[in-house]
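Hey, can you work out the whole structure from these sequences and the hints?
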Amino acid sequence: MKYPQFFALLLLSGSLYADDFNPRQVVKPFEPIMAPEITTAKNSAKWVNDDELVLGVTVANESRAYPINQLTKPTREIINDTLGDQPIAATW
Amino acid sequence: MYAREIEGKELNFQVSGMLWNRSLVMRDIETETLWSHLLGRGMRGELEGVELEMLPASMTTWGEWRARHPDTTLLAMSRTTDRYDEGAWKSPHKFVYGIPLGPGLPSPAVGLRKLQNDTVVMVKLAEATLVVAHEKEGGSVKAFDAKVDGKTLTFSASGERRMTDSSTSSEWDVVTGEALSGPLKGKSLKEIPGTVSFLKAWNAFYPDDEVVNE
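In the order they appear, the protein sequences are chains L and D. Counted the way my numbering counts, the first sequence spans residues 20 to 111. Counted the way my numbering counts, the second sequence spans residues 50 to 263.
None of these hints come from the bench; they were simulated from the model. Since the model is a prediction, treat every value here as computed from it, not as a measurement. Treat the hints with care, as some may be off.
[Said to hold, decoys possible] Using 30 Å as the maximum straight-line C-alpha spacing, the simulated BS3-like pairs for lysine-lysine come out as follows:
1) D:Lys185 to D:Lys249
2) L:Lys92 to L:Lys61
3) D:Lys139 to L:Lys92
4) D:Lys200 to D:Lys185
5) D:Lys234 to D:Lys200
6) L:Lys47 to D:Lys143
7) L:Lys92 to D:Lys249
8) D:Lys185 to D:Lys143
9) L:Lys47 to D:Lys58
10) D:Lys139 to L:Lys65
11) L:Lys92 to D:Lys58
12) D:Lys185 to L:Lys65
13) D:Lys185 to L:Lys92
14) D:Lys239 to D:Lys173
15) D:Lys173 to D:Lys143
16) D:Lys239 to D:Lys200
17) D:Lys196 to D:Lys236
18) L:Lys47 to D:Lys249
19) D:Lys234 to D:Lys185
20) L:Lys92 to D:Lys143
21) L:Lys92 to L:Lys47
22) D:Lys185 to L:Lys61
Structure, rendered in structure tokens:
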């Protein structure tokens, strides 16, 4: 479970219907993350280990990995980035 | 993983702090439209009804990703947790690999436990037949259209990182979707973008779609 505390709030709030868009504000909005720090595989040791999971994507022959352990927190859920000249939103 | 461009206009997304169906709601700061994170669809605001293009992304280990993409770069932000290593496959019953085929089309999903057991799973739908394949060492999952040159193939696992189609006995790489040997050598399967998701969230969004678990 990513946010058990949020799930608990939702479960208390009653039934959910996929057809109705009825979002609930559970925390205040977070500042968007734009133009994040990026490094090369050579300098990866500080940021990720071989056995850690990453979300990998390739656009126009450029590849980038987003370590899940860096994306796991409500503040980090969405990374606005650019890869191979394509603006992308890294999220899972 | 989404392209964040609509008709040439770049959007920047923030976490709205809202949840809907147990899943994150995003907001773009340019139009303030609210978006479902899982559906990739504008739900309220100027861009309501607009769909973001999903990009093929793989969930795998850093070691495997770097071996396949030596020139890769990576995000360099501090860790917020350390729990997502290969051990995430220790709770596979909580996760699915979901494949939304698009508006008006089905959104099938395969349980990670099923993938862990069988590694190669065929998903037959009225609209298309998919092959969903898991590479155990790196933990990646990929979905491909099972049709090659107009003919739908049936695949089964045939050793590490390999699957074989029953029509020609060609051997295919489960990560790249390329035929490595046999009559179809050199052919490539078309990858269909999918996403690892929590089973509960997937069921809430796609209650009528099949989750292949047995």
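Results of checking the hints against the structure:
1. D:Lys185 to D:Lys249: holds (24 Å)
2. L:Lys92 to L:Lys61: With Cα atoms ~26 Å apart, Lys92 of chain L and Lys61 of chain L stay inside 30 Å; holds.
3. D:Lys139 to L:Lys92: holds (21 Å)
4. D:Lys200 to D:Lys185: At roughly 28 Å apart (the allowed maximum being 30 Å), Lys185 of chain D and Lys200 of chain D satisfy the hint.
5. D:Lys234 to D:Lys200: Answer holds: Lys234 of chain D to Lys200 of chain D is near 15 Å, not above 30 Å.
6. L:Lys47 to D:Lys143: The hint holds at about 28 Å.
7. L:Lys92 to D:Lys249: holds (19 Å)
8. D:Lys185 to D:Lys143: This hinted pair holds, its Cα atoms lying about 17 Å apart.
9. L:Lys47 to D:Lys58: holds (26 Å)
10. D:Lys139 to L:Lys65: Distance of about 25 Å is within 30 Å: holds.
11. L:Lys92 to D:Lys58: Status holds; Cα separation ~28 Å.
12. D:Lys185 to L:Lys65: With a Cα-Cα distance of about 25 Å, the restraint between Lys185 of chain D and Lys65 of chain L holds, given a limit of 30 Å.
13. D:Lys185 to L:Lys92: With a Cα-Cα distance of about 27 Å, the restraint between Lys185 of chain D and Lys92 of chain L holds, given a limit of 30 Å.
14. D:Lys239 to D:Lys173: holds (16 Å)
15. D:Lys173 to D:Lys143: holds (23 Å)
16. D:Lys239 to D:Lys200: Roughly 13 Å between the alpha carbons, so the hint for Lys239 of chain D and Lys200 of chain D holds.
17. D:Lys196 to D:Lys236: holds (11 Å)
18. L:Lys47 to D:Lys249: Given that 30 Å is the threshold and the Cα spacing comes to 24 Å, the pair holds.
19. D:Lys234 to D:Lys185: holds (23 Å)
20. L:Lys92 to D:Lys143: Holds, at roughly 19 Å.
21. L:Lys92 to L:Lys47: holds (14 Å)
22. D:Lys185 to L:Lys61: Measuring from Cα to Cα gives roughly 25 Å; hence the hint holds.
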